[in-house]
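Colleague: These protein sequence lines map, in sequence, to chains P and S.
Here the first sequence is numbered in the working numbering, starting from 1 and rising by one per residue.
Here the second sequence is numbered in the working numbering, starting from 1001 and rising by one per residue.
Be a bit skeptical, because a hint or two may be false.
Derived pair list, reagent style SDA-like, types lysine to any residue, alpha-carbon separation capped at 25 Å [as the list claims (entries may be wrong)]: (1) P:Lys127 - P:Lys188; (2) P:Lys37 - P:Arg22; (3) P:Lys433 - S:Ala1030; (4) P:Lys433 - S:Pro1173; (5) P:Lys37 - P:Ser54; (6) P:Lys433 - S:Gly1311; (7) P:Lys156 - P:Thr117; (8) P:Lys114 - P:Pro374; (9) P:Lys406 - P:Gly313; (10) P:Lys114 - P:Asn342; (11) P:Lys433 - S:Tyr1181; (12) P:Lys433 - S:Arg1178; (13) P:Lys310 - P:His108; (14) P:Lys239 - P:Asp200; (15) P:Lys188 - P:Asp264; (16) P:Lys114 - P:Arg160; (17) P:Lys127 - P:Arg149; (18) P:Lys433 - S:Glu1221; (19) P:Lys37 - P:Gly26; (20) P:Lys114 - S:Trp1029; (21) P:Lys433 - P:Asp200; (22) P:Lys406 - P:Thr117; (23) P:Lys127 - P:Lys310; (24) P:Lys433 - S:Phe1004.
Hints in this document: simulated from the structure, not taken from any laboratory.
Next come the chains, spelled out residue by residue.
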Amino acid sequence: MRGRVFAAAMTLGLSACAEDLRPIEGTTTRSGTPVVKAPEHSEAELYLFGDRSSCHAAVGPAEADACTPRVDRASGTVSVAFEVRVAGSPWPVPLHERNVTVLHDGQHPSEGDKRFTLVPHDPRPTKQHIVLLVDGSGSMAIIDGRDGRSRMDKVKDALRRRDVVDAFFPEGEGVESAVTAVAFRDGKVEPIGGRWLYTDPAAYRQAVTTLEVGRGYTYLYDAVRWGATTLMEQPEIRKHTSNRQLLPTVIALTDGFNNERPEDTCGDNAPRLQRLLEELLRLRSSGDVRSVPRVYTVGLGRRARKNFEKPSGTSVTPIDLCGRGNAVRRVDGDLENRGVDNAALEWIAVQGDGESFVSRDVDGLATAFKAAAPRAYRWFEARYTVDPLFLRRSFDATVRLEAMAKTEATIRLHPSGWLDAPPGTVGPDGRVKPVSFAATAALVMPVLGSLVALHYLPPALFNVRRALFSRVIRARRR
Amino acid sequence: VNLFLVPYTPMRHAAVALVTGAAGLLAWWAVLATMVLGAPWSAAWDGAVYLSGLAAAVAGASVLAEGTLSREGLARRVGRVALAGALALGFSLGAYWTWTAGVLPLAFGTGEMPADPTVYSIRYRLPAWIGAGFSAGLAAAIARRFQAFAGHLAGGVAAGLAGGLAWHLLGYPPYSLREVYSGLYLAGAGGALAFGAAYGLLAWGIPDRYYAGWIRVLTEERYARRVPIDGHDERPRERFVGHFPRGLDVFLPAEAQVAEMHISVYVDRNQLYRVRGLTLQPTRVRRFLERIDLAYDARRPAPLETRLQSGDRVELGPAGGGAVVEFVMLPREEK
């Protein structure tokens, strides 16, 4: 009985009032208050815009339409907008679709790779600190092609390209960027050009030309660990980056496998990689999210494991890393001749919230370097499409940040169960452009006009019929 | 609505439906405009506002149409419209909440779906539509002092069914049409239009007492001369047509082969019209695909008679040489 009373109260709207639903202007949908889930130790949180007024205040009137949550039941499209905030202030971030998960009532909106569209808005020049870790082991001197250029020469060409330099040193008012470039080999790192920091593009380009190949093994994992932790603690680096709030990004480039001893097998790398991943995980879950570097990996050469798919777990086993039969094979002189350890590179990139690239030419390397220095955006629009049947009741739209900070926000949207505003028009980019309420006149006026016309039709037909069937009859006179 | 624009044809039954349909559509438009501008009510009230607004508008429009047709005084007309609208609003709100908060949880349980006011489902909403139709019928019947009470209620319920079904079918089009259209936008408008139109068609139509039968001369001699059959007191009346110069209602010349007292047309207390042949001279009633001979047969104890329909012609005298009159239903106000 109490349940029925509660249900009655629910339907009477008492609870609905308590939920503080806000009508979304221009639609018949209401939105609830966004609920944010953020880890306790992190100040970063994902903020969902719940209504037009919050959009208006945050992004301005020009883009308030794109920012306002919208449910278009005709096309089945739902769009919500969000921004990342740190300590309550907006934090422009470089995000890709792979960094975000969008859920409709806790489920992926659709199957397949393209589950939603992430549209970045309001680009902001990124204040960044790029840490370039370049493999300086002996294999980088190998000449693969017929052009007579070594692997290291290709790396230099890519790093000196104008578009790459522009990506590392973006222009903009108040934008400061810095690059730390080191060559690693034999467990040691050596700053290129003798300096730890380059803030001038010309000096950086000049320094890149001094990259040299040495002798020894790669110690790739140690280099990544050093770049993500030890380097950041150096007083000179710390002072420069923390004062300017530069976003740190580590780019590790190698042409082979992690290798520390002549007898190393691929399986030996599994526990080493596990330790590195744990270190990166610890790093990501502690401290200010803005000072934790994202780790990108770039492989020069071809993939050693062409069909590798990273297991979902975080523990690394020799079979996961090397594949069946390869765990006991030596790296030096055997596996490294097959190509780049793309499995380890992907593992590191995923754990480091970055991305992994493998390429054999200068263009591919340049693309990877540019992707590691993306533009940041103030806010994002997440758009997905479901069967319109799923929009015939209230639902939760959840946006989860998978990179930088594990945070998510959920907003409950309440489309009216009775009426809908005119459906929007779907643009070529998939965006549903809202249609003004004035468009309803295009439906109402013709219908009303037809009703008026129908009102006049019977008398008109009546008179026409009487005229046609001549109600004037001449009598014959005798 | 103007009775002079509603000829006495079968289409007259749709005249009020056009008005109430338009009223339903405008009610939907007003509710939607309020919601789009920022509804000041909660989601649970969407259906209540929509359906009660619809019922009030449609019941009021029906009473307004009647008042305009019968040329009621402005104050009385406004008063009756306000009464019908207010009663329909109150009744439909009561019916909505009785269903939604009372019967629905009992019938479908207290699960999440029945309790969610945003669920779009005919299963949970059709009774609310029927309740709105019933309320509109009851309110209009009260405003009309319980005239055709059962017809109002039945018409209202049928209108609620029609509105709910239109709302459902437009909102849930068949799969083959979902590529073309899917959504609640047209469903809201279509439901309101169907509700109003069905109500106007079924609950209250223009009654026959608004019209009166006339005899009108069609032949050249005395062309367009016409007389009403009934008076304004709705009592039985009889009119005579012939060439007798005194006392007849319609005089037609004897040269046109019209007898002294050729036919009589009368209306009974049920407002049904009949024509009687009173002479041995040829007398025929003609209508589409039909010819009725009314010439007096001396072997019969009484003259022949037949029902008259608007537009019937009565031929007096030999074919082609006599006179022709027509029977036509015109608004009672016709002078």
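Colleague: The structure should be examined with respect to each hint, and the outcome stated for every one.
Modeller: Cross-check of the supplied hints:
no. : hint                 : verdict
1   : P:Lys127 - P:Lys188  : violated (28 Å)
2   : P:Lys37 - P:Arg22    : holds (21 Å)
3   : P:Lys433 - S:Ala1030 : holds (23 Å)
4   : P:Lys433 - S:Pro1173 : holds (23 Å)
5   : P:Lys37 - P:Ser54    : holds (19 Å)
6   : P:Lys433 - S:Gly1311 : violated (57 Å)
7   : P:Lys156 - P:Thr117  : violated (35 Å)
8   : P:Lys114 - P:Pro374  : holds (21 Å)
9   : P:Lys406 - P:Gly313  : holds (16 Å)
10  : P:Lys114 - P:Asn342  : holds (24 Å)
11  : P:Lys433 - S:Tyr1181 : holds (17 Å)
12  : P:Lys433 - S:Arg1178 : holds (20 Å)
13  : P:Lys310 - P:His108  : holds (20 Å)
14  : P:Lys239 - P:Asp200  : holds (17 Å)
15  : P:Lys188 - P:Asp264  : holds (18 Å)
16  : P:Lys114 - P:Arg160  : violated (34 Å)
17  : P:Lys127 - P:Arg149  : violated (34 Å)
18  : P:Lys433 - S:Glu1221 : violated (71 Å)
19  : P:Lys37 - P:Gly26    : violated (29 Å)
20  : P:Lys114 - S:Trp1029 : violated (38 Å)
21  : P:Lys433 - P:Asp200  : violated (44 Å)
22  : P:Lys406 - P:Thr117  : holds (20 Å)
23  : P:Lys127 - P:Lys310  : violated (31 Å)
24  : P:Lys433 - S:Phe1004 : violated (48 Å)
Of the numbered hints given earlier, the model fails hints 1, 6, 7, 16, 17, 18, 19, 20, 21, 23, 24; all others are met.
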